[in-house]
Structures are given as C-alpha cells and as structure tokens.
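Novice: For reference, the chains in residue letters:
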Amino acid sequence: MNELPPPTVFAPPDPGAAPSQGVPGAAPLSGKLVVDQVSKYFGSVVAVSDVSFAIDAGVTALLGPNGAGKSTLFRMLCGLTPPSRGRVSVLGADPRHDREVRGRISLVPQQDALFDHLTANEFVELAARSSGVVDAAGATASALEHVDLTDVGPKPVGQFSKGMRQRVKVAAALVNDPEVLILDEPLTGLDPVQRRHMIALFHRLGDDGRCVVVSSHVLDEVARIGSRVLVIAQGRLIARGDYRDLRELMDDRAHRIRVGASEPRRLAAALVEHGLATGVMVESDHVMVDALDADAFGRRVAPLAVGLGIRLTEVFPLDDDLESVFRYLVEGRS
Amino acid sequence: MTPDAPMSIDDQQRAARRGSVSAATAFVIAYRVVLRQLTSRGRIIGLTALALIAPLSGWALGTADASLDDAVSLVASVGLGLVLPVVSLVFAGAAIGDLREDKTLVYLWLRPMDRWPIVVGAAGAAATLAAPIAIVPIVLAAALTGAGNGIVPGALLASVVGLIAYVAVFTLFGVWLKRFIVWGLAYILIWEGFIAQAGAGVARVALRKYTRSILVDRTGADLELADFSLAVGIIVPLVVAVVALAIAAWRLGSQDID
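Protein chains in written order, with the numbering used here: chain A, 1064 to 1397; chain B, 4 to 261.
Derived from the structure by calculation, the hints contain no laboratory data.
Cβ atoms here follow ideal geometry from the backbone N, Cα and C, with glycine treated the same way.
Possibly wrong hints are sitting among the right ones.
Restricting the straight-line Cα-Cα distance to at most 30 Å, the calculated cross-link-like pairs of lysine-lysine (DSS-like) are [claimed, not checked]:
(1) Lys106(B) x Lys1218(A)
(2) Lys106(B) x Lys1225(A)
(3) Lys181(B) x Lys106(B)
(4) Lys1225(A) x Lys181(B)
Residues from chain A that keep clear of chain B, each with C-beta distances beyond 10 Å, as calculated [what the hints assert, rightly or not]:
(5) Ala1200
(6) Glu1208
(7) Ala1263
One side only, chain A facing chain B, incomplete, derived with CB under 10 Å [claimed, not checked]:
(8) Phe1105
(9) Asp1179
(10) Val1196
Only chain B is shown next, with the shape it has when bound in the complex:
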C-alpha cells in the first residue's frame, strides 16, 4: 500500500472497530497502570518509615518548648528538605523509569496515544501515592512542634507545591536517566543540601528555596535562603513542573524504546 492508496474494505472495517484514543483516556490508562505498578508493600512501608522521622522530630522539638524559628527550621530541613523530595523521587522516578527498565513501556508507547497524557498520568499516579506518605507526616510534624502561628497551613501549602514540582522533575529523571534514583539523590543531597546552601544565587535553582520561602512567608519566621515572596514561591515551582513534564513528554516520544 502506498501513502496515497485507499484502504481496502477489510482495512476500513478494521479501522471502524478502532476509535481514536483521547487524551483523557490515555491519561486514565497511564494513571491506573502506573498506580498499580508503584503500589508495592515494601516501597510504601520503607518510605512511611522514613517519613515518620518528621513527626518524631516535631514531637521531640515540641516537648522541648522550642521557638518558632526552630520549629520552622525543622519542618523546612527534615520535612521539606528530606522527606518530601525523597518520597517524591522514589515514586516519580519509578513512574516511567521502572516501565522503561523492565521493558513494559513498549505496551504504552506503541499505542496510538499522545505522549503527554502518558507522562502526566504517570506523574499523577506518583503524586497520588507520594502525597499521603510525605505531606501528612510533614503537616503532623508542624503541628507537633506546637509553634502555632501559621506553621501548619504554611507546611501544608509548601508541601503541596513542593510535591507537584518534585514529582514532575523526578518523573523527567525517570524518563531520561538510567540511574534515576542515584541522580535524584545527588540532586537532593548534593545540589539542594550542599551546593545550593552556598549562596542565594545558586539557591535560585533549588526547589527547596521556594518551599522554604512559602513556609517563612506564612509563619514570619527568620530562616536563611527563604526570601522569595509567596507568589514567586508558588508560581516558580509550578512553572518548573509544567516545563519538566513537557520535556519528559518530548523525551518519551523521541527516545529509543526497548
């Protein structure tokens, strides 16, 4: 058959049995598949155990009658700086990274579906699992510090914004990089945890600075490397998320699939 040749009657009948796959359908398919792929008991138990560090630390600080600055610092460092990105990394990196590595991605890639709903669906599934495991302990930690003064809603807002951005960025890692966990940990621990602490300029390219800024804005605490306005603290991570997912969709469409 040449490009201009009409389809045979058999082919037309077959085509009639196949409709087009809408973006919404592709999103739901990817979301469901990835959600079930990611739901492993070991992963959930391990990450929940890690996340419990936050409320335990909050409780310990609360019993010591610490200041607001100490409480905000704890939530920012342990909750927003460790628990949130690590939990996001494990789920979001694996969302498409695991499919790529175990060679099941072909079953989604080879279908007549746009790439972006697959990526957004996979990221959505990762966020669905990461949200309760990361956000609840962070908010609980904020509450247990007993610091009051807006720390709980501030922690909630910062966690939600941070989760969206981290999940998107680490979904991109999973699409693009073979050792996405290693690269993700390097980003969290070395870039955000070490290099970005060196100064305000470098910190601009660390998501942590934006989530810290939200927390500081909502509490009025005095914390270093957290001087963005609330609008910047929210908008920039969301823009980063959109860009990361767009790149991930492009990359998914252009890379080799095993």
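One chain only, chain A, in its complex shape:
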C-alpha cells in the first residue's frame, strides 16, 4: 500500500450523492495494485460498491466480516470476474484480459477445492508448469519446503487435513514466484504454530518486494498479519490505515457488557455512582451496562461488587466481536 496517512474512516454513503472520486483526499491512484471506483453487482445485489485503493509492495490485510465483499474484490483483482463499474489494474495491466500479467499473480482461493487425486508434489508442479516456470521440479520442491510439506509422500491431497490442504494451496501460489500474491482467508484450518509460520512467511514475501494481500474476518489475526489494513463491510471500504490506530479508534467506542449479579438494581446504581457506566438497564438477574472504558470497568467491577456484598455471576462483553466493530465503523461513533 502507498504510504498510508493516519487511519481514515469513511462516512456511510449518501444515497443521493455522486460517486466518489477515488479515496477522499488521496493522490491519484498508483501502485502495483489499483482499484479505482470499482463496483460489482450480481443482479440486484451489490457485492462491492465504489471501492478505491492502491497497494504497493509489502503485506496488506483486508479485514471484513463474512459476506463483506472480500472474495469478490479478490476475484476482480485476479481477473476472475470483471468489475461492473470502475477499473482494476494489476502491475499496470488488466488481469482479466492480459495473459502475461496472470503469470505474475497468484491466488490462494478461499474455497477448499483442490485436484484431490493429485499428490501435493503433483499439484504444486502442475501450478509451476501451467505458469511456465522453467525449473518446475526445483520450484516445486522449494515451494513445498516453504510450507513444511516436504515429507508428505505419495498421499493424494484429497486425504489431507484442512490445514495441510491450505498449505498446499499456498505452495502452489508461491511456486511461480509471483509479484502479486492474493490470499483469501489463508489461515483457516491452520493450528497456531502453522499460523505463526505462515504469517512470518507472508512478511518475508512482503519484505522481499512482493505485493501480498491477505484477507481475514478475524480481528486479532489481522493484527499479526500486517499493520496496513483495509476494512471492508457491506461491499464498501469503510476504513483504511495502520492497524494500531484503527484498533484505538475502535476501542474509543462505548462497550456494552452484561453483568450477572445477585442484586442487579443495587449494582447498577453503584456503577453509575462510581462513573463506571454511562448507561444501565436492569433486568431480573443482570444489568446491561454501557461503559466507555472497558478495561477500567473490568478491573473495578468485581472489587465494587465485593464491597457491596453482591455476588457476580458473569461479566460478559456483548459487542467485542468483529461484527460490532464493523457496525461501529460503518455507523460512526455512537
């Protein structure tokens, strides 16, 4: 991605407004990967709406909930489907129609589909040969080594675990030494050790000058994938910038927490009195609390309850999931 300014959170679109002219306030788009006012419709369904960004060498994370439009965006970047509106450019060419540039892009698709009758070696070598790799056997061995799949033998990939299949897909994507590597939820099915290994690999590839774009719907995963983040929800680019800044922005919002207690009414009054809650709603056996500082609330609620002789049965954050973060970014601070 080009040098990113401080995090940008885009306002919800005004239905009556004209299409945006690229990223607000940004210079004309240029980069290895350019998405310029791109929309994609499937019939009456808008999968991607007026998205613009440019990415250069390094690792960029595309964060968004399931169904946000990440895969559709990736498909357009690889030329698998044309944009309904706007322009997609990869390495200066149209990936849909430029045969040569397709040899310089690799995709790890989200779907768990492989040629199940092939061995890992055969599958990766097929990718090498079909990409015109001169030393297909050597490149295959190297790619399999990158993902720790050198000793899997003649077992067909159809008999592999999900994690191993993911690694085979990554090896096949690496085998042609691509300049642009697009990975759609590549960490799915991997155990923690494999995830760490894979994320380290992405960073090595990015440091090596490749343009690596990785999608995920898991917030904490994105924190490890890369500091440069694009956030997409409901088909729109809703934020972009440094992950830490975005995270701080997200943490500024009011948090809703369910607190189970033996005396919810007394506890609610005490929470307001001590400034731990900006709003409370008392139910029969719990209190719904709106707290601005979730960390302070977490630290102080138990001692406060003990001091009052109230027994706590649960302290459960209701909006710490990714969906609520996206909702917050889409709707603004509220």
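Given chain A, work out where chain B should sit, using these hints.
Specialist: Chain B in isolation, oriented as in the chain A frame:
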C-alpha cells in the same frame, strides 16, 4: 508500477524464471488433469453397463436372422442414437463442467495459458475415455447382427465422427450450462429422439441424422432421415465440433470463475 514503468531487477529475475506456456503445454496439462478427474470407477462401470445394451441387442438380432435394414436400424438407434451421445455427454459435459462446479477451474484459468488448448485438452480427455466405452460396443453390436455388407466399417466411421461432434458439443454444454447433464439429456432424448424425428428440415440440426447418413451410405440400407451424402455426413459434424470448441474457448475466457 505504471504500465510504462520498467520492471525492477527483482521482477526481471522472477520473469526470467518463468517462460511462456505454449499451446502444446497447455493442451497436455489440461488433458492430463481432466483425464484423471474423469477417471472414476463408478462412472466407467455405469457407462460400460449402459453401452453393453448395444452388443446384447446386436447379438439378439443376429440370432433372429434379421435383415440388413433391421440391423442398421438397431445400430443407428441404440448405438448411435443412445449409447454414443449419452457416454459422450457424461464425459464431455464433466470435462470442464465438473471443474467449474467443484471450483477447481480457477487453477487452470488463472494461469498464463490460452483458453483454446484448455478446452481442446479437456475435450480430448473426454474423447479418450468415451471412445472405448462407446465405440467398441457399437462396432461389436454391428458385428454381432451378422448383417455384413459394410455395417461394421460403417458403424466404426459413424461412431468416430459422431463421438468427435458430441464430445465437442457437450464440452461446450459443460463450459456454459450449470445443469449440463439435464440439458444434454434433453438434447439427446427430446430434440434428437423426438422433435428431430418430425421431419427432414428439423433433422438437419440433429447430429444423429449425420451419423445415420454415414451408416446408410456405407451399408446401402433403407433408413429414414439418413439421406445426406458421405461427405456431408462427415464434414458437417466435424465443422460443428470445431465451432463448438471455439465457442467453448471464448465462453471460458469471458465467463465468471468462482
């Protein structure tokens, strides 16, 4: 990088490690992949069982000392009209249709390869599997009728020409249509088996009429809806095959890939 910007040294080194993919290489890659994808025991056993209807019918007719016209009619209806198109449909429709449906087509589509060798390679793989399962029983059926008089070479020629045309057309179905088996069966059973029987004009757009014409030309039998010359009977299906594969290649390049 802009379109006019030179590649960096790293990019140049990477490009040097990648050559271009020739049409022959693309053909071989697609052929091998599709051949192995299509080779399933259930599919082969099922279609072989279906194809055995032809020699069994031929043998039954042969033991009844039937006429040449009856023998040619049997080979034309059961062999060329049922076994040949159905076997071709199952293999050729699945050649690219299965890759499209199980979402593995992306691994071929996203490579720097022309589309037409992929389509021709896939059709070639389908023909490789369909040929022995369809043609051998049809020729065997012709022989078992005991009708002589050129029925065996006629059945062989008609089967080969028909196989090429059906495989190409059904490969196109697999590229284009989601329910390619249903559409293919509708073409075989409803169009060719029913509507095209209504008259010579409609029959011109049914491949079956051309394969029947070859068989009749080689045997001299008297069969309805089989009045094309040998040249027309051979050339038209081959032209149809080329056109179908060309459309399939265009369609493969222009359609959305999952």
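Novice: Could you check the structure against the hints above and give me the numbers of any it violates, in ascending order?
Specialist: Result: no hint breaks.
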